[in-house]
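**Q** Read off the chains here:
4 protein chains.
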Amino acid sequence: MDLAMIGLGRMGGNMARRLLRGGFGVVGYDRSPEAVRALAAEGLAAAPSLEALRDLLPAPRTVWVMLPAGSATEAVLEELAGVLEPGDLVIDGGNAYYKDSQRRAAWLGERGLLFADVGVSGGVWGLENGYGLMFGGPPGVAARLEPVLRALAPSPGLGWVHAGPVGAGHFAKMVHNGIEYGMMQALAEGLNLLRKKREFGFDLARLTEAWRHGTVIRSWLLDLTAQYLAGDQDLSDIAPVVADSGEGRWTVLEAVELGVPIPVITQSLYTRFESQDEEDYDERLLAVMRKMFGGHGVKKARD
Amino acid sequence: MDLAMIGLGRMGGNMARRLLRGGFGVVGYDRSPEAVRALAAEGLAAAPSLEALRDLLPAPRTVWVMLPAGSATEAVLEELAGVLEPGDLVIDGGNAYYKDSQRRAAWLGERGLLFADVGVSGGVWGLENGYGLMFGGPPGVAARLEPVLRALAPSPGLGWVHAGPVGAGHFAKMVHNGIEYGMMQALAEGLNLLRKKREFGFDLARLTEAWRHGTVIRSWLLDLTAQYLAGDQDLSDIAPVVADSGEGRWTVLEAVELGVPIPVITQSLYTRFESQDEEDYDERLLAVMRKMFGGHGVKKARD
Amino acid sequence: MDLAMIGLGRMGGNMARRLLRGGFGVVGYDRSPEAVRALAAEGLAAAPSLEALRDLLPAPRTVWVMLPAGSATEAVLEELAGVLEPGDLVIDGGNAYYKDSQRRAAWLGERGLLFADVGVSGGVWGLENGYGLMFGGPPGVAARLEPVLRALAPSPGLGWVHAGPVGAGHFAKMVHNGIEYGMMQALAEGLNLLRKKREFGFDLARLTEAWRHGTVIRSWLLDLTAQYLAGDQDLSDIAPVVADSGEGRWTVLEAVELGVPIPVITQSLYTRFESQDEEDYDERLLAVMRKMFGGHGVKKARD
Amino acid sequence: MDLAMIGLGRMGGNMARRLLRGGFGVVGYDRSPEAVRALAAEGLAAAPSLEALRDLLPAPRTVWVMLPAGSATEAVLEELAGVLEPGDLVIDGGNAYYKDSQRRAAWLGERGLLFADVGVSGGVWGLENGYGLMFGGPPGVAARLEPVLRALAPSPGLGWVHAGPVGAGHFAKMVHNGIEYGMMQALAEGLNLLRKKREFGFDLARLTEAWRHGTVIRSWLLDLTAQYLAGDQDLSDIAPVVADSGEGRWTVLEAVELGVPIPVITQSLYTRFESQDEEDYDERLLAVMRKMFGGHGVKKARD
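Residue numbers (our numbering), protein chains in the order written: chain A, 11 to 313; chain B, 11 to 313; chain C, 11 to 313; chain D, 11 to 313.
Next comes chain A alone, as it looks inside the complex:
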């Protein structure tokens, strides 16, 4: 056994799978028995508890935690601190605020455990294409991590980087997602403008497909968008509500803290906030102000 994966959901499950296919011996743990069972059939050694997980790995151990952001990562790290032994390495590959990662590294370090924060990009396509990986941690940790990263990355020498000390991995991932927000928004604005130019009757499926080749904006996000539009370009079944994970918010907090202007990334986050807002109190206020100074008519709600 080479390492353990805790959390076998959409991300962790596929990462374990890619490691198994890469020849790694992987111990897995998940609260959901089904998640474990599916992977056991592909060679995963299922651990019924964290203690069992520890006993299935030779020391010094490598334990990769891959839980959804904002969930039980903190609790699992605390549990692990009571189970693992000095010299063991804990990796948080989920989306976490880099300040939390710095704090956790310090706390685990006091208990003799090593910690690395790894930003993982690639989503549901990572199993097939490999993942983009950026990690933070001391140099000694890098050497222990590298074989795993080489297997998870698109190819052994590409797509992973030692970004800096602890925190730098999650910081880099945070900024990556900020950039992602901006790119997505730019694409959405442009395509919306094309759609609203009714007189040209653009076929956005064919146009985005063509843009994928030879243009300056060719990109993976464009590839995916073209792929979806090929099947449906009216999007009439899709609600105009865009969730946001913490990454975009953290990026703005950091920009404010450092005094760095990131107007486009911030605006992309605000578009999502706007899409989530059901009261629209600000727009109501604007309508009222116009009415007050100009006597302009106001549309009644539910007109």
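Don't take every hint at face value.
[Stated by the list, open to error] In silico DSS-like pairs for lysine-lysine, Cα to Cα no more than 25 Å straight-line: (1) C:K301 - D:K206; (2) A:K206 - B:K301; (3) A:K310 - B:K206; (4) D:K206 - D:K309; (5) D:K301 - C:K206; (6) B:K206 - B:K109; (7) C:K310 - D:K206; (8) A:K206 - B:K309; (9) A:K309 - B:K206; (10) A:K109 - C:K206; (11) D:K206 - A:K109; (12) A:K206 - D:K109; (13) D:K206 - C:K206; (14) B:K109 - D:K109; (15) B:K206 - C:K109; (16) C:K206 - C:K309; (17) A:K309 - A:K206; (18) B:K206 - A:K301; (19) C:K309 - D:K206.
[Said to hold, decoys possible] Here are the computed distance ranges between Cβ atoms for each label pair: (20) C:P148 - A:E84: 33 to 39 Å; (21) A:A116 - D:D244: 30 to 36 Å; (22) D:A79 - A:A85: 56 to 62 Å; (23) C:D244 - D:E156: 56 to 62 Å.
Hints listed in this document are in silico derivations from the structure and should not be mistaken for laboratory results.
The beta-carbon is built from N, C-alpha and C at its ideal position, and this holds for glycine as well.
Since the structure of chain A is already known, use the hints to place chains B, C and D on it.
**A** Only chains B, C and D this time, still in chain A's reference frame:
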């Protein structure tokens, strides 16, 4: 008779009224007989046609056109060109694109008529408070306009300005409205943030009322907002739809033409566009992109 | 003696002065002897130490702390906790993050002291015009604060408000400043656009002076701007560098935390960041990208 | 001879070259003899005049005009109208405002000439990688254009599209460039934020290189950025001045005309405007306002 007012609606009607109260002899014309009748009771000389209007005024005449933006101003000016005599002065006090005003001045000039463009601010409160006025035209025109402006303004020496040559009046009014958009949006954003801070239970009526005195943001827009909120701060009957007149759009066009960044004014315009949009195709696209790369759930329309 | 003022700088000094003129007995303390001396000549009772300040006031005491943001407020509050007696009331009238105020209120409360946070607006004009005041604290505190607020406000019944529980005063002031950022930016953008329209040769001093009366954008910020431009409209001696205090940043942090879009306020903050930035790394990167895909020329630094 | 290329600069020259390599017979014309000479050595048939160009091509002719935006396209089209014969096809492959293209198509159509507008993307890399191409024109034109597009595109069946009627090609290219502005800005903001996080000492060359593989933001713009940063990541020789061609401006004009919010694309344009501005009058105004209400210090110019 001192001058004519063409267009006796919300703006023109009150302006005629203020001039009548100021001792001016005013000839009025409007397509709607009721609008004329109401003012005739207050001393307006009603003209049944533009010819009659001309004949009721001594030469050289002053004819103030006050029609809603985008409406029949062009047609009325053309009609006037056929009715008036060389040396007569035509004023457009409505909201017009300054390039149109420049063109119209040239066209009327070829026919011997003078032209001035006057930006008028103050809305429905102008009758009582007086109007803010900025006008464009040659110096000779200024001398003829001044008595009228002194009567329309809040006080004879305040609130009116010769902004520059023809076009400068409507240009200044355009920018005034751009600033207005930005101030309104700043207020709306701040009040929305207060409202969303549920734990403090802010009483926005009392807060905005207090802000009216002594603070840095005291302003007429705040006065009006406080006045409305005193009666209703839930705004549940107001639809979150904000109309835009041409002024904000022209401001952005000018910024693009001159290469001047006006991010806040532009964003204020875009908030209105967003409020008018019922398809939200851009947000749908964003939801789809997240689904495509991350396997994130998408809210179904009309969930 | 009615109350004490700690911090007699630009804000605190003038507030003490206004209270003295209002008939209050004010004890004052400041690290700088000159600040104290100047006010002593106007009737202030100078306290050489916090202990002396305590002894000059009858219990239960009212102590107003008015120090610049980010400075020694925390330290002074800790000192006061060791000097004052249960039932005494401490007011922080400086700009503070509302979460700090909540924390401080709890900490002082454990020591038997009452706390109120007051947002104060009005700047250097407050002595003459009165201050806008919004405070947070329990109802019992309100009764003790009111006489002071009535004297500081523009008039006894106007310009002050009990905004809510502890924290609500500084929260309301924070949002007030966010709105202020947006209004300032809207004005700056509009005036810049007018200036760049060289062909009209706008006299911005006369135009802003006229706008002060009758227009929709009339406001105190416009009054001040017109007043400055009357003396200098080229601003050639003014560096284009705009400082930001914490208030704008806190407003954005709160918006991100609550998920409320405030694009215009945020953009106003970013304009300030941009003005403070001397490296302009983002613009250099954009120039490089253009060069890379399009072979576009790049301006060499210090060309 | 299969077609003519007018304009043999950075774009037209390489496109002619790619067509020659693809087996096409190409007649070329350029005001600069050197540009022609270089290509003549690679098989181009040099035409000393437009008449000669006409005579070198069999009717019905295909003439591709590829001139820098804002330059002599209009004049060349007028000249061509006097030289070509009914049934000949003129293509404008340069960056042009789609409304100009619609007007030109109508004007040429009255003279019996066909017209197509082609948006061409790919920059200096197109010779090697092929170009992204989107064209507007009637169906009959499409059939005549296709063989040429198949040769210019990255591969015969990929990267070109019939976008719609005349104007739709340049419209689609305009929006493409708007999206490009937004993507560039998102990248620049994110990398700037990383650079300002001094404590992590990010190596942006290694980080962007890693991001090229497996991440959500992988894209051609990122490829090019990584390539440049590999040689220089301080950019100290690059001036922070970002030019803008007309495309970004036209995109905003269209958004304003259609009432479609495109905040991120617009902000990206404004960042460029800001980088081009040497007066910074707006920031000076903001500094002055702060001084006026708060007595805040103002940095003197050239401090």
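**Q** Hint by hint, note whether the structure agrees.
**A** Verification of the supplied hints:
For a cut-off of 25 Å, the pair hint linking C:K301 to D:K206 stands: about 23 Å separates their Cα positions. Proposed proximity of A:K206 and B:K301 is supported: the alpha carbons are some 23 Å apart, at most 25 Å. With a C-alpha separation of about 22 Å, the suggested pair A:K310 and B:K206 falls inside the 25 Å cut-off, and the hint holds. Between D:K206 and D:K309 the alpha-carbon distance is near 23 Å, which keeps this suggested pair within the 25 Å criterion.
The hinted pair formed by D:K301 and C:K206 meets the criterion: a straight-line CA distance of about 23 Å does not exceed 25 Å. For the given pair, B:K206 sits about 43 Å from B:K109 by alpha-carbon distance, which is inconsistent with the 25 Å threshold. Note on C:K310 and D:K206: the hinted pairing holds, with a Cα-Cα distance of about 22 Å set against a maximum of 25 Å. A hinted pair counts as satisfied when its Cα atoms are at most 25 Å apart, and A:K206 with B:K309 qualifies at roughly 23 Å.
Taking the CA atoms of A:K309 and B:K206, the gap is about 23 Å. The hint holds against a cut of 25 Å. Taking the CA atoms of A:K109 and C:K206, the gap is about 45 Å. The hint is violated against a cut of 25 Å. Taken as a hint, the D:K206 and A:K109 pair is honoured in the structure, with Cα atoms around 16 Å apart against an allowance of 25 Å. For the proposed pair A:K206 and D:K109, the alpha carbon gap of about 16 Å is at most 25 Å, so the pair holds.
Restraint check for D:K206 and C:K206: not satisfied, since their Cα atoms lie roughly 33 Å apart, outside the 25 Å limit. With a C-alpha separation of about 19 Å, the suggested pair B:K109 and D:K109 falls inside the 25 Å cut-off, and the hint holds. Straight-line distance between C-alpha atoms of B:K206 and C:K109 comes to about 16 Å, which keeps the hinted pair within the 25 Å bound. Restraint check: the Cα-Cα separation between C:K206 and C:K309 comes to about 23 Å, which is no more than 25 Å; the hinted pair holds.
Straight-line distance between C-alpha atoms of A:K309 and A:K206 comes to about 23 Å, which keeps the hinted pair within the 25 Å bound. Proximity of B:K206 to A:K301 is assessed by CA-CA distance (about 23 Å); at most 25 Å being required, the pair is judged to hold. Under the criterion of a C-alpha separation no larger than 25 Å, the hint pairing C:K309 with D:K206 is consistent with the structure, at around 23 Å. For the pair C:P148 and A:E84, the supplied restraint of 33 to 39 Å holds, since their beta-carbon distance comes to about 34 Å.
For the pair A:A116 and D:D244, the beta carbons lie near 32 Å from each other, so the given range of 30 to 36 Å is met. In this structure the supplied range 56 to 62 Å holds for D:A79 paired with A:A85, their Cβ-Cβ distance being about 59 Å. Between C:D244 and D:E156 the beta carbon distance is about 59 Å. The supplied range of 56 to 62 Å therefore holds.
Violated hints for the displayed structure, listed by number in ascending order: 6, 10, 13.
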